[in-house]
Amino acid sequence: MSYLKLEGVEKSYGAARIIRGVDIAAEKGEFVVFVGPSGCGKSTLLRMVAGLEEVSGGEIFIDGARVTDLEPAQRKVSMVFQSYALFPHMSVRDNIAFGLKMSRVPKAEIDRQVAEAARILRMEDLLDRKPRQLSGGQRQRVAIGRAIVRHPKLFLFDEPLSNLDAELRAQMRVEIARLHRNLGVTMIYVTHDQVEAMTLADRIVVLRAGQVEQIGSPKDLYERPANTFVAGFIGSPKMNFLSATVTSRNSDRVELAHPSLAAPLSVIRRGGNGAEPAPGDTVTLGLRPEHLGLEAGDSRIELTADLAESLGGATLIYGQTAAGESVTLQTPGWRSLDKSERFAARFDAAQAYVFDKDGRAF
Amino acid sequence: MNPRSRGQILHALGLIAVLVFTIFPFFWMVSSSFKTQADLLASPPVWLFRPTLANYADVFADQKVIDAVLNSLIVALGSTGLSVILGTPAAFALARYEFRGKSDLWFWFISNRFISPIVLALPIYLLGLQLRILDTHLVLILVYVTFILPIVIWISTDQFRSIPRELEEAARLEGASQFDIFRRIYLPLGLPGIAVSAIFGFIFSWNELLYALVLTRRAVQTAPVVATSFMSGYELPWGKIMATGTVIVLPVTIFALLVSRHMVRGLTMGATK
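Each protein sequence line maps, in turn, to chains A and B.
For what it's worth, the working numbering labels the leading residue of the first sequence as 20, then goes sequentially.
For what it's worth, the working numbering labels the leading residue of the second sequence as 915, then goes sequentially.
You may find that some hints are simply not true.
Just a few of them, taken from the derived set where beta-carbon distance is under 7 Å, the chain A residues facing chain B [unchecked claim]:
no.: 1; residue: Thr87
no.: 2; residue: Leu89
no.: 3; residue: Pro91
no.: 4; residue: Ala92
no.: 5; residue: Phe100
no.: 6; residue: Ser102
no.: 7; residue: Met121
no.: 8; residue: Pro125
no.: 9; residue: Phe362
Quick look at which bits of chain B chain A covers, simulated, 3 or more residues with Cβ under 8 Å [to be verified]:
no.: 10; region: 1048-1058
no.: 11; region: 1082-1088
Think of the hints as simulated: they come from the structure by calculation, not from any bench.
For every residue, glycine included, the Cβ atom is placed at its ideal position computed from N, Cα and C.
One chain only, chain A, in its complex shape:
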């Protein structure tokens, strides 16, 4: 049995169904990320694992034991809140020691554990400060320290980095990844930021409107998105979607036509549960901005330039197809294009994605 298992978990507030039958399994030591747009229910799901929200239906198991009806403390999980939730009237030391004091751990043992956590998080010299005397990143570390000392079965993170500025966020992301590697514990991490999801996760759970859209490794989700929602959510900038027509198909390839395509495009089928296409069907062609370029590639699509944004190392070019669909491409180096200049974007047909008219991959 998996280390953490959610079976048909449901949550309703009156008539509103927030979580609609979620099944998730995670192994010991895995880093699982719940990702999705705001309001998709990812935080609610995490709070249900923690025991802070009651489950309306389904079961939750941790380390083989059913915990669905257990009190939060009995589940042996620790949580790092988005707001950190440090106790403002207590010193850093007392904040970290709080859980140990509650479990009546002997004083000497508490001191040893707190010192150990402070060493891991490199904040030995902050122990006597109050939370208000700390910066955002330091508060974050105290919150993590409070979680570490209890040696929980699960670490839960609820959007822990969203209150930090961009630079600190990147730094803390690396620290959390290092912590996971060093402690070898199971972590569940909630975020709306796909970059955090891609960089931290062993396994990503993409949620939308209280339902699981896809579960898989970052590579899986990037290479084989189950539908246009996952395809658009994973990867930055967002995948371009064009409306194309099927001209022919066989078991491993489909051939597509689009007004801006120079020649019919033969795309490898990546598999999925989408409807079997027939010639003449309208489907969605997905092209990632980073797979589009100006020089190399076996296929080409004609575009009209809108705008170019230079980021230094790369340039984002925004163009339009003949059908008026916007297309973003990312090319290395500096580029400048005049507005309305016509140009051809090149790509390899092997890197194109197709989805049926309901957005499912096939």
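Could you slot chain B onto chain A? The hints should help.
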């Protein structure tokens, strides 16, 4: 003179007027307590006089006044303390739990204060008589608690509601019991509100006259009762009354200054972003 500074001057004049109006009676009481009987009765009133401590010597020589101040202290501290001990857990429950009849209970606390105190004076006197607790500290403490408890509950509930819920959730995850959460998180963080309600309660008990007159005789007269008792008889010892008044006001002022430190908000800063 530009319009802005004229506005400021008018503003200042208005403030001074309000200040004089509110402080003058206080000033008159304190200054009169240092006057001799002749200066006190002078007409027109004298502003410059030779101060005397005779009135205070009189007051402190009077065992009745000393006893009254002690009685007032016992009753005010007792009723305020009891109200805080009973009121803060009630406020915690009202702030954080949903239970049947919560809004009715809430309204009941408020509606208690709708009734004019004089209406209840006789029934409470009769109750005290039946229970044989008239003219004790206990009867005043119990009656004052019924007035102070709602204040403590309203103010503390409001204060507790402003404490971020994540703090409680974090503590629950750490294995804290309900009582731990109340004692280690809500009480220290709610201290500003609890202090404010304690000040109100203390001042109320200290100054209360009606019930103190009705429910006490000789043994447990409080300070306001004693101050009024000087007015009986054929003479009005103004100096002594004013000195007693000053002595009565002092403890409340000191108490308010001591606890006002806690009224400063911002204790919750740093808990959450």
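Contradicted hints - numbers only: 1, 2, 8, 9 and 10
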